[in-house]
Amino acid sequence: MARFIGRRLLHFIPVLFVVVTLTFFLVRLAPGGPFDAEKARSEEALAQIERVYNLDAPLHRQYLDYLAGLIHGDLGPSLQKPERTVTEWILLRLPVSLELGVYALVVALGIGLTAGVIAALRPNTFTDHAPMSFAMVGICIPNFVLGPVLVLVFALWLGWFGVEGWGAASEKVLPSITLGATYAAYIARMTRGSMLEVLSQDFIRTARAKGLSEARVVLRHGLRGGLQPVVAFLGPAAAGLLSGSFVVERIFQVPGLGQEFVMAARNRDYTMVMGTVLFFAVLIMLFNLFVDIAQAWMDPRIRHERA
Amino acid sequence: MIGMSRQGVWNAAAAAMALALALGAGCSKTETPAVRAAREGVLLVGNGAEPQALDPHLVTGVPEHRIATALFEGLCDLDPATLEAVPAVAESWAVSDDGCVYTFTLRPDAKWSNGDAVTADDFAYAWERILSPALASEYAYMLHCIKNAKAFNEGELDAFGQVGVRVVDARTLEVTLEEPTPYFLEMQIHYTWFPLHRATIEQFGGMTERGTKWTRPGNLVGNGAFTLERWEPNRVLRVVKNDHYWNADAVRLSAVEFHPIEDTLTEERSFRTGNLHLTENVPISKIEGYQRDTPGLIRIDPYYGSYYYRLNVTRPPFDDVRVRRAFAMAVDRDTLVARVVRAGRRPAGNLTPPDPSGYTCAASIPYDVEAARALLAEAGYPNGEGFPPTELLYNTSENHKLIAEAVQQMWKDNLNVHVALLNQDWKVYLSSMSTLDYQMARSAWIGDFVDPINFLECFVTGGGNNRTGWASPAYDALIGEARRTLDAGQRMAVLEKAERVLLDEAPIIPVYFYTRVFLIAPELRGVESNLLGYINFKRLWFEPEARAEG
Amino acid sequence: MNAHNDREIPAPAGTDEPEPGTSLWKDAWHRLWQNRLAVTGLVVLCCMTALAVLTPWIAPYSYDEQDLELTAAGPCARHWFGTDRLGRDLLTRVLYGGRVSLMVGIAATSVSLVVGVLYGAIAGFAGGRADTLMMRFVDILYALPYTVFVIILTVYFGRNLVLLFLAIGAVEWLTMARIVRGRVMSLKEKEFIEATTIMGLSRGRVLLRHLIPNALGPIIVYTTLTVPRVMLLEAFLSFLGLGVQAPMSSWGLLIQQGVETMEEFPWMLIFPSLALSITLFSLNFLGDGLRDALDPQSARS
Chain A
1 MARFIGRRLL
11 HFIPVLFVVV
21 TLTFFLVRLA
31 PGGPFDAEKA
41 RSEEALAQIE
51 RVYNLDAPLH
61 RQYLDYLAGL
71 IHGDLGPSLQ
81 KPERTVTEWI
91 LLRLPVSLEL
101 GVYALVVALG
111 IGLTAGVIAA
121 LRPNTFTDHA
131 PMSFAMVGIC
141 IPNFVLGPVL
151 VLVFALWLGW
161 FGVEGWGAAS
171 EKVLPSITLG
181 ATYAAYIARM
191 TRGSMLEVLS
201 QDFIRTARAK
211 GLSEARVVLR
221 HGLRGGLQPV
231 VAFLGPAAAG
241 LLSGSFVVER
251 IFQVPGLGQE
261 FVMAARNRDY
271 TMVMGTVLFF
281 AVLIMLFNLF
291 VDIAQAWMDP
301 RIRHERA
Chain B
1 MIGMSRQGVW
11 NAAAAAMALA
21 LALGAGCSKT
31 ETPAVRAARE
41 GVLLVGNGAE
51 PQALDPHLVT
61 GVPEHRIATA
71 LFEGLCDLDP
81 ATLEAVPAVA
91 ESWAVSDDGC
101 VYTFTLRPDA
111 KWSNGDAVTA
121 DDFAYAWERI
131 LSPALASEYA
141 YMLHCIKNAK
151 AFNEGELDAF
161 GQVGVRVVDA
171 RTLEVTLEEP
181 TPYFLEMQIH
191 YTWFPLHRAT
201 IEQFGGMTER
211 GTKWTRPGNL
221 VGNGAFTLER
231 WEPNRVLRVV
241 KNDHYWNADA
251 VRLSAVEFHP
261 IEDTLTEERS
271 FRTGNLHLTE
281 NVPISKIEGY
291 QRDTPGLIRI
301 DPYYGSYYYR
311 LNVTRPPFDD
321 VRVRRAFAMA
331 VDRDTLVARV
341 VRAGRRPAGN
351 LTPPDPSGYT
361 CAASIPYDVE
371 AARALLAEAG
381 YPNGEGFPPT
391 ELLYNTSENH
401 KLIAEAVQQM
411 WKDNLNVHVA
421 LLNQDWKVYL
431 SSMSTLDYQM
441 ARSAWIGDFV
451 DPINFLECFV
461 TGGGNNRTGW
471 ASPAYDALIG
481 EARRTLDAGQ
491 RMAVLEKAER
501 VLLDEAPIIP
511 VYFYTRVFLI
521 APELRGVESN
531 LLGYINFKRL
541 WFEPEARAEG
Chain C
1 MNAHNDREIP
11 APAGTDEPEP
21 GTSLWKDAWH
31 RLWQNRLAVT
41 GLVVLCCMTA
51 LAVLTPWIAP
61 YSYDEQDLEL
71 TAAGPCARHW
81 FGTDRLGRDL
91 LTRVLYGGRV
101 SLMVGIAATS
111 VSLVVGVLYG
121 AIAGFAGGRA
131 DTLMMRFVDI
141 LYALPYTVFV
151 IILTVYFGRN
161 LVLLFLAIGA
171 VEWLTMARIV
181 RGRVMSLKEK
191 EFIEATTIMG
201 LSRGRVLLRH
211 LIPNALGPII
221 VYTTLTVPRV
231 MLLEAFLSFL
241 GLGVQAPMSS
251 WGLLIQQGVE
261 TMEEFPWMLI
271 FPSLALSITL
281 FSLNFLGDGL
291 RDALDPQSAR
301 S
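Protein chains in written order, with our numbering: chain A, 1 to 307; chain B, 1 to 550; chain C, 1 to 301.
In short, the hints are calculated from the structure, not lab data.
Misleading hints may appear alongside valid ones.
[As the list claims (entries may be wrong)] Straight-line C-alpha distance at most 27 Å; calculated DSSO-like pairs for lysine-lysine:
#1 Lys-26(C) / Lys-210(A)
#2 Lys-150(B) / Lys-39(A)
#3 Lys-26(C) / Lys-190(C)
Given the sequences, and given the hints that come with them, work out the whole structure.
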């Protein structure tokens, strides 16, 4: 297993290299530059600022310079918000995104797994349909609707929670629920499906026949085998959750990373795009690695030693 | 991450507790942050987007302008009620007869927030810095009215000594302009003109180094009525009263907190739940509710901005002036504004917004369907037949889309022409406009100071803000003449002539004049109406009892 | 980790079925038919599709017909769903929006389904270096900035619905591929698959006939979960300039607009949301029913 993990970590390097290269050229292919604005800058003014940020150099030169900086851990200054470097911005906002992501993940797993398992125990009965319908709410109501509706009910009408911000505990409840709800619904539905499949398999019947308690059968044997598709889904989902959500952060004015991802791309803040993409690439590979490890653990038949 | 989730458990527990308490207490109304802050003299402002930076030479937007006016002060200030220049760092000034030389006398008691005196050199230093090509300030062109400033800014002159700024002595600053600039004093409230503290900037880097740490809390030294206390990006930026400010006795607020809120829906809700005293980012659909239920909280002021459509005159069908005028005359602006645009905005028949105390253009493009149809027929498209495919470009926004859809319908009904709609994301849209890769495009212009030249200058031949391909020697000549004209009345007459040329040739279709919509807490006083939406924090105060009465 | 000996008694599913193509599907159909919720879902979906197809003939108004004298009017006899901010009939717009959303939902999901399932199955089945390469490619695609990708698409290829489907399908297959790969990797070690190899069946045949059918459960569930995602993603793409062109609309866009005015004009949020929810509910109940019906294990119980 250690060898497998070591090899996978080595794979990070070529993948990151490809991601950096593709992103570097893709983002420059998009029309408009970082300093285009409603009030047009003169050509001289544009030339000056491009010189400052090395944007006037030939493209391959810029690329090599960027790689050189990257090797030294230098992501450069943000073009849009020049008073901090990209690294500083990411470090400033990352803790908030991580915190929100962890809460949302807790919401998603807590609600999703519970609802999914309950539903799978007695398929096509009320205890199946009720939790599944509840889970459907998370799918039918997109987060850009759920957020404002939750605020309307719980902040404006009932006054229980804050409208926006990220400080007091009462301000963290609604964003976490909003972000977690969709994922909860996904997990619930996938759990139900997989659990049903596993619970009808022979080894479960054997386990039951052996007289093991139902709880033990379901939780130890069923869940472990049945969560495999859920786990495969959780890799990218967790990476997405922890790197922040544009929509939820905007609705609740949460100072996380999610807004940076989208705004940097839309503003052509080249360095910031590169920084956030790199960060996300590492996150996604880490989580997909976790998933592969978890899947191996859950199902010893997948032998990674072969891979 | 483990620490994070442990903290998470505690927060979750605390939230559950808060929930239980709230339920137990039966939702007792507690004092809102706004009421508490008002008692302490702390103003809570909803400031839209997060500021890009605090260095006045690196920023370009409205949220940054607000913050900069709290932290710094220029030579003169504007009376927010009349928009007339009033003394600030300069206690007096004199203007030469040709209107080109201004001599400012600085007040002796003007101080930086660290107690240093504000001197003429601080202005010269700041202006040299912003005009330096190495700093590459995007708004440096605001200073191009100073003699030789443009040449220095564009690297043609190396010595700042040749630029028309002379430090006569510590308290006397002489500025020589390229040409008489009637709005020169008014421009001084723009952040590009503010003085900077040399020692602070050079402590953290070179004069022309971008993004050094000099603007961080604790480092920043300003000369405004407030000084920076705290900056937590995307959470809050807090400035507190500056005791060294020369007129500190007249400042009645103890602090101002700028809350960046990206989403207007969220910002309005934040105001409604008592978390803000002042915001100007109000969703249009909310305005009528406020006007109906709580008219005391909302105020709609005319604003020095114009919303219009650009026409690309280098491409058919809008290379034909008859087609351009036909399209312009087929837009029913009154209905459009009353039914769709709303927000108290005014239909626009011309480009420059009316200024009750100055220039108001008498000419306007009428709504005249018959004439429009006749013009279109004359251009070879009777009843719209054979009209080539046409697209109207707008940057993605719900309001731009609604207006475009309504106008699209008007052209269809009135001219029998189908115009397709095309939305692009902001930067793509800007790129399409500047490369003239469009046929019609939604546009807007907000004046930096109240003078029609601000709007009309955009359309000179080859200007960076022209973006229509339109070129008119007659127009260029009139703008040039206005620049040289000293007499105010005569100058306005020349500008109006120019605007008539623009309307006759119609490279643009005016749609409406902007308004600024403010939500103002009842206890907040001193927010004056003006065309620039200029809020002078030095002059605001609270009357906490006002809320109880209201 | 190795305490589960009971697992070593695998079900020889599939192997005892000489023709997995016929009786399995027939049984499944029969089982589906007995699931009332799934049938209801199917019927509702058929109705929705029929409405979408027939919209141009049955819609009471035209989707862009404005009445600036009657903007943002609540539901009434003339306008059952009320009108929007330009006085257009909301019922009509919901109907037309459904056409777009259903089309995007079906087409983009199909793209992601076909690409994701094949890619994941091949990677999982091939294993070894091929699998590693293929999965790292997926990692790269995950990491690329989607917003930038879409912006470039809009500019260099213009805007049309085919492109929209491709753009949506291009991201949505990644997770599907990972799910299928995981499932195939675990299945291929099972004895019945090993048996097919011994029997000399070709790899392609094993993949299509045995591996993918046995992974149908998660595939169906994830497919039904993909549909709402792509329908809502369409609204985001419209924001970036790739979606449907105003004045045409879609459910995602109508809902997005409805949110902004939900306190003043709640009907503008409620009706499009209802249309979307009913469709998604039906789809998911049908999906669950299908999954249950096709599960070869539960079939025998």
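Which hints, by number, does the structure contradict? Hint 1 alone not satisfied by this model.
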